[in-house]
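Engineer: Single-letter residue listing:
2 protein chains.
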Amino acid sequence: MRTELADRLGVEFPLFAFSHCRDVVAAVTNAGGFGVLGAIAYSPAELDAELSWIDERVGGRPYGVDVLVPGKIEGPRVDVAAFIPDRHRDFVAHLFRKYGVAAGSGREIRSADEFAGRVTAAGATGLIDVALKHPIGLIASALGPPPPEMVARAREHGIPVAALVGTVEHARRQVAAGADVIVAQGTEAGGHTGEISTMVLVPQVVDAVGEVPVLAAGGIADGRQMAAAMALGAQGVWCGSVWLTTEEAETAPAVKRKMLAASSLDTVRSRSRTGKPARQLKSAWTEEWDAAPESPGPLGMPLQMLVAEGAMARIGAAAERGEPGAVELANYFVGQVVGQLDQVRPAREVVYAMVSEFADAVERLRRLSE
Amino acid sequence: MRTELADRLGVEFPLFAFSHCRDVVAAVTNAGGFGVLGAIAYSPAELDAELSWIDERVGGRPYGVDVLVPGKIEGPRVDVAAFIPDRHRDFVAHLFRKYGVAAGSGREIRSADEFAGRVTAAGATGLIDVALKHPIGLIASALGPPPPEMVARAREHGIPVAALVGTVEHARRQVAAGADVIVAQGTEAGGHTGEISTMVLVPQVVDAVGEVPVLAAGGIADGRQMAAAMALGAQGVWCGSVWLTTEEAETAPAVKRKMLAASSLDTVRSRSRTGKPARQLKSAWTEEWDAAPESPGPLGMPLQMLVAEGAMARIGAAAERGEPGAVELANYFVGQVVGQLDQVRPAREVVYAMVSEFADAVERLRRLSE
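In order, the protein sequences belong to chains X and L. Every letter in the first sequence is one number past the one before it in our numbering, and letter 295, counting from 1, is 295. Every letter in the second sequence is one number past the one before it in our numbering, and letter 156, counting from 1, is 1156.
Excised from the complex, chain X in its bound form:
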């Protein structure tokens, strides 16, 4: 398929696959799509290793990296954990008791501390530097406008910068900040989302940003939805949820089972995992934080992220041991398309199915117009 953006990036089929799993990124890229590795979980050294692994497997095909960049890259690294109020720590301890989640090794808490360091300030810079040493074709900023430093470094390397937006106003701001590609993400998407649906948002963003190419995100897990997104004016689609139930995905088995069983009503936009509204599976975790009378309410970002990541690591480990309370609490970011995900397939097959369904949808539309 030929869109201007697909040509520019050298991708056969403008299906962008956001995933934290290198296997998904490589599989999609090798199948003709464009894998984008979510780098947030990694240290710079780990990211370097992941990208080298991908480089060895994709034979020069283009892929990208997504970094969760805070608004500004500056300031000293502070021990943010010290800012977590006792009543938030107490509430987590209460949840562990109420749901009978056994104590963890402590390792997951340390790893959460490291994790938080990466999203607060200088953490992102190291990841960007590492990413630009690899033959990537795109670098994305998942939250807020890309900082000037990121845009400048990417420009030096000739790498286009993509930015996710949930409103027309944000799209204009991102373009002004130097974004080369806008990902217009509807409220139905997994992870951090706004309130406006993909159907409503995409055409408005396309009209607002002029020549800047737009990818559509949110609500896209089959080729009909991809065709719909392109009808709205997008030059490609950005999908995350659909990969979570693939063979390659590292989604925790208990959560994968929940996703395969879930309907599109089983997600919620909740601040309980990151401090900002993020769509995820409804679970005892979201219900307790958002509705329990004793809940102190989620903190902001990144504090709530720190609270949640350590707890979720412990919950995840307990869920894998089959502890029923932990299974009730376990969840993960996913969009409303979770209702369409009812089988485990190789990522490659998802790409091929979308290519074929896309062609069918376009042919059906063409015949309607005869």
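Please keep in mind that the hints were generated in silico from the structure rather than gathered at the bench. A hint or two may mislead.
[Said to hold, decoys possible] The following residues of chain L were derived to be distant from chain X, with all beta-carbon distances above 10 Å:
#1 1083
#2 1169
#3 1336
#4 1343
#5 1364
[Unchecked claim] Part of the chain X face toward chain L, derived, beta carbon under 7 Å:
#6 84
#7 88
#8 197
#9 203
#10 209
#11 210
#12 212
#13 219
#14 224
#15 227
#16 264
#17 313
#18 368
Quantities reported herein were computed from a predicted structural model and do not represent experimental measurements. In this text, a Cβ means the ideal position worked out from N, Cα and C, and glycines have one as well.
Following the hints, position chain L against chain X.
Structural biologist: This is chain L only, laid out in the frame that chain X set:
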């Protein structure tokens, strides 16, 4: 354009226009679309007059009627107003004082009482009987499965029954109850909506209902969005919001001005007008009912409808006199596409623009696939 449903209903372009305004219904029908008159505001005698007016103008072209039918058509008519608690009446009086809304004539309260009678029980039956005396091509049930009596009467007259749904489960239930056409309505739609977006809902409903034709609703106000809906598998689209700012629409001028100025962030799903979650313009009315500490919280349907309709009639009259507090309170049901509505056009021109944009979008998709 040829879809099976368009052929069956004898409509040129399967754009269904839901409107409470007969002028919009006639204009859309005459432009090649399919107007559907929302009958809820009328008594049976009034509806009869409205439909006769339309009959005289559309030269035999097909149009439809939408009745807000309660789940069951039975039981004696009761004075539902007697069930409104004093603190809800007091809260409305408090809002009138706080926003300086002058007293009305009392006529609007009586008309609200009549109105409520129509959505409670036997009211809908009279409207259905009247509608079936006219040469309508479709009868729709906006809420809940069509009652067996409605299906039976429509069948006797050979008129297909359409039903609005917001989940796959409801779609299955509506088909089982005898619906001939399913309108799958996403959360971005105006009025009563569920939580699932159009992009996610439509393909799932199409897959679930087999041969039953599906119309897409929610987020559709231009031809790109219509093409997207058809790519998802819909046989046509059902639009309501886009007509509210047309020349013909009877939308109150103060509310029309708000709509023309609004962005897609300026709507909210609130129970404050009908007792069920319905998307509408954010205004002081929705904010007070949903968030003020002194709010008693909305009642259920139809009680909240009775509370709100009388108050809104008084607010509307005051807003037309230019009272600023009343303008703050005034609102109306509208979807997120309100952000796209920035000019007043004749309904006919909206239809022609959608036809042309639809063709452009399909041609653009076709070229991508070359």
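Engineer: Each hint: holds or not?
Structural biologist: Here's how the hints hold up against the structure:
{"no.": "1", "hint": "1083", "verdict": "holds (28 Å)"}
{"no.": "2", "hint": "1169", "verdict": "violated (8 Å)"}
{"no.": "3", "hint": "1336", "verdict": "violated (4 Å)"}
{"no.": "4", "hint": "1343", "verdict": "holds (14 Å)"}
{"no.": "5", "hint": "1364", "verdict": "violated (8 Å)"}
{"no.": "6", "hint": "84", "verdict": "violated (28 Å)"}
{"no.": "7", "hint": "88", "verdict": "violated (24 Å)"}
{"no.": "8", "hint": "197", "verdict": "holds (4 Å)"}
{"no.": "9", "hint": "203", "verdict": "holds (5 Å)"}
{"no.": "10", "hint": "209", "verdict": "violated (15 Å)"}
{"no.": "11", "hint": "210", "verdict": "violated (16 Å)"}
{"no.": "12", "hint": "212", "verdict": "violated (17 Å)"}
{"no.": "13", "hint": "219", "verdict": "holds (3 Å)"}
{"no.": "14", "hint": "224", "verdict": "holds (5 Å)"}
{"no.": "15", "hint": "227", "verdict": "holds (4 Å)"}
{"no.": "16", "hint": "264", "verdict": "holds (5 Å)"}
{"no.": "17", "hint": "313", "verdict": "violated (30 Å)"}
{"no.": "18", "hint": "368", "verdict": "holds (5 Å)"}
Of the numbered hints listed earlier, those contradicted by the structure are 2, 3, 5, 6, 7, 10, 11, 12, 17.
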